Amino acid sequence: MSLAKGVWSQFSRRSPSLGVSSKALKTALLSPDLPNGPVSFKKRSSKIQYQSPIGMEQVYPLAYEMMEKRSEQVYAKIDQITEEINSAEDGSDLKIKLLAKKDKLLADAEKFNPEVLYKVQFATNSLDVTQPVYRRALKEKWESYAKMLTMQRLETLNVIPDTLPTLEPEVDVKIRFAHNAIETYVEPGKILSSNVTSKPPVIEITEFEEVQHELYTVLIVNPDIPDIENDTFSTTLHWGLKDIPLSNVDNVIDPKKLLEDETRELISYLPPTPEKNAPTNRLAVWVFRQNGVPLEKVEVTREFFNIREFVEQNNLQAVGAHVFRSTWDRNVNRVRELYGLPKGRIFHRVRR
Amino acid sequence: MLGYRSFSTSSVSLKVGCAMVKPVHHRVKVIKKLLSPRFPELKLSPTDPRSPKFRPEITHQDRVQEHIHNTLRSDLMLINYIHGEKPAEGLKRRQWDFTSPYHINRPARPPKGEKVPTPTIMPQSWKNVPGIEKVVVHSFVANCTSDPKLNIGVSLQLQQITGVKPQSVYAKTNLPSFGLRKGVKMGAKVELTGRDASQFLSTLTELVLPRITTFEGISNRAGSRYGTVSFGLKPEDVLYFPEIYYNQDAWAKRFGMDITIHTTAQLDREARQLLSGLGLPFVGTEREPKLTR
Amino acid sequence: MLSNVRTSIIRQVDYLTSGTQLHFIRTKRKKAGSDKSEVRKLVTQLSVLSANRKQPKLLKFSNEDYVKHQVIQKSWNLYVRDKKAEEANILQKQYESIRAANEDLQSVSKELFSFANTREPSKRFPLELRVPTEYPPNQIWHHDYTPKVEKKK
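Residue numbers (the UniProt record's numbering), protein chains in the order written: chain A, 1 to 352; chain B, 1 to 293; chain C, 1 to 153.
Treat the hints with caution; some may be incorrect.
Reference excerpt, derived from the structure (chain A facing chain B, CB under 7 Å, subset only) [said to hold, decoys possible]:
#1 Met151
#2 Gln152
#3 Leu164
#4 Glu168
#5 Ile225
#6 Pro226
#7 Asp231
#8 Thr232
#9 Phe304
Some residues of chain C that are not near chain A, with every Cβ distance over 10 Å (derived) [unchecked claim]:
#10 Lys68
#11 Lys74
#12 Leu112
By construction, these hints were calculated from the structure, which means they are not laboratory data.
Nothing here was measured: the structure is a model prediction, and the numbers come from that model.
From the three backbone atoms N, C-alpha and C, an ideal C-beta is built for every residue, glycine too.
Full structure from sequences and hints, please.
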C-alpha cells in the first residue's frame, strides 16, 4: 500500500530530483512498514533480523498525510507569490524580497518530504543544487562543520589579519590537488608536499543562494616570503584568476574552464617553493565576487603583492577563503627545476 | 611599527615582559565539540533517538493535565474574573533619580517600608490561567550526622515513590546545637515535572492521603503567598505508598517528607482553587493577603 | 545473591562513619556475621539507586525508519502545537463572552453586577469532581452521603 497520493508524488510542476530514483527505496519510504526490509541494509540476514520501531506503521501514514497537506498549503502560497512577483517591477526591493520569500517557501514545502530527507541525509554528494531545499540543506551542513573549521584554521594560522583583515564567509571553498591519493579535498591548514602542490589545484565553490550572472576572482597569496633586506616578510601572488563565470551547478574551476578564455588567468600558477629553515609558508586561497562586473585593465605583480589594495581598487567582495601550508622538503628542488626557478636559499641562525 | 612581523627571531618586539593577548574578532561562532572527531553520538541533539541522551517523554496519557485542560481551566478563569480590574502594583525597588553622578550603577533602594519587593498581580485573563509547574518532594533527616547510612534509605524511598532519581541535600550551616555540620549529607529531594508530577499527585490524592486517618486537608494558611502550596507527610503516612505498603519487609525505616507544589498561579488562593480540582482537600480559615487585591 | 558483595572483604569489618563516606576498616572480629545482612541490604539499595545495567538498549534505526521517525516527530509536534493554539483560542473566546456579558450586566442592573463581581477567595472545586479515570469507580455514587457540617466555634 503506497502513500503516494498528494503533491509529493506529482512531478508536473516539481523537479523529479525531489523524489528518490530507486524503486525499492521509494516503496520503503512510501509504505507504512518496510515490505522488503530496509533497503539500506546489504546483507539479507541483517534485513531479516531488523525490526522497525513498534507502532510506526500505524502512525506514519497519518504523519505523511498531514505533512503533505501542509506542503500543499505552502504551494498555494507560492502560487500567490509568483503572481505578485510577475506584477512587481524588475530590480525593485520588493521583487528581491518576494523572490527571497519564494525561495524560502519552496524550501519549506519540501522540508519534511521523506524522499527529500533521505537524499539530504544519506546521499548528500548527489543533490540537485537548483532546488532551494537542497541548497538550504547543504548550507546547514556547511554551517555545522566546514564553515567553523575553515574560520578556525584561518584565525589560528593568522591568515585573517595577515592577508585581508577579516572574512564573513558566504561560500564553501574546496580545493583539490591532482596528486592527493588518500582524500580528495584538502583540509584547511594542511601541510602539503611540494610534489602535490606543483600543479595548480581544482577549486570548487559552493554557493548557497541562487547565482545569476556572477563572476568570480580567485587569488592564491603567500604572506610568508622572507624579505631579508627589510627583516620582514613579503606577500607573493602565486595564482590569480578573474572573470570566472560560475553557477550553482557549474561551480568547479578546473583547467577546462581556464582554457575557455585565456584572459581569465591573471597570472600563471607558481608552485610554493619554500626555503630550508624558513618558517612554514601559508597559502591563502581567497575567493571574491565581482558583482557581475568584469575586471578591466588589471595589472598584478607577483612579488610584493598588496592584496588589500587590489581588493579595494577592483571593488571585490571576499566571500570565501581556504588555506594550505607548505614547508621545505626534498621535492622542492625538483619543482624549482620544473618551473625554471633559481635555486633556493638555505637559512641558518646567526648569533648577533 | 604596528603589525610588523620580523623575519629575525631575536628582535626586541618578540621579548615582551607580559603575556601577549591577540585581538579576537570571531565573525563565526566556533563550537569546538562539533569540530572534534571524538564522541559522534554526543554531537547529536538529545531529542534525536540515536543519541544516548534520548529519553522518551510521552509514554502514556497524562490524566491530571488533561483534566486541567478539559475541565478546570475555563472555570478557574471564570471564578477569578473581575470586570474592569487593574493590575495591583506590588512594592518595587526604588531607583535613584540621577541628580548626582554617583547614582550611575548604584543598586536600587529597597521598597518603602519593606525589605523585599512584591510582585505585581495582573488581572485574570485567558493568558494567565494557573497550571502545575513542578512538584518538589524533600526529605530532611536530622539523624544523618550520626548515622550517614540513612541517606541511602531516604534516597531510595524517594526514588521508589516518585520514579525519579533524587538529589542529595547537604547541610548549609554549622549549628552545633542542632548537631549540624556544613557540607554533611542530610537527606534527599526530587523535582518532578510533567508526567512524573501528575503521576505523583494522582498517587497522593487517590491512594495515600485518603488512607491517612489524621489527614483532614492541607491548611488554608500554608503557602508562599505567590502560588506555591506545601504540606508534609509523616513516616507513618508514607506507609500507604504502594511501593512501600506491599513490600513492608524491605523498608526497615520510613522517612517523612515535605511536598511542595509549585503552580503558575499568581496568588495562593488561585493555587488552592486549582489543587482542589485535582482532589486535594483544604481545611481551615483562609487569610486574605494584605498588600494585594 | 542479589548483591555483588565479596564476602571475603567484608568478613572482618567495622565501618567508620564520617561525613559523606563509609570507610571500611578491618578491626578485630566481633560477632560472627553480625553486620553482614545489613551491609548487604545497603549495597542492594545502592545498586537499586544507580542506573548501572538498568538502562534500556539504544533504539536502532535503519535509514528509512529514521527518516520516517523525523516525519512522525515533526507532524506530532505540529499537532500538539495546533491543539494548544485551539485551546487558547477557545479560552479567549470564553473570556470575551464573559467580558461582554459583564458589560451588559453593568448597564442593566448594578446590584446584580456587583454581586457577580464579588471575589470568592474560598471557592473550591467539589472533591467529588475527581480526576477522570478510564473506568468508573467500583461504587459510582454514594447515595447515603451527607456533607460534613463545620462546627462554628
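Evaluated hints:
1. Met151: Cβ of A/Met151 sits 4 Å from chain B, so the hint holds.
2. Gln152: Holds, about 5 Å.
3. Leu164: Nearest chain B Cβ about 12 Å off; hint violated.
4. Glu168: Hint on A/Glu168: holds, closest Cβ of chain B at ~5 Å, below 7 Å.
5. Ile225: 10 Å, violated
6. Pro226: 5 Å, holds
7. Asp231: 5 Å, holds
8. Thr232: 6 Å, holds
9. Phe304: 15 Å, violated
10. Lys68: At roughly 5 Å from the nearest Cβ of chain A, C/Lys68 sits no farther out than 10 Å, so the non-interface label is violated.
11. Lys74: 5 Å, violated
12. Leu112: Holds: least Cβ distance 47 Å, greater than 10 Å.
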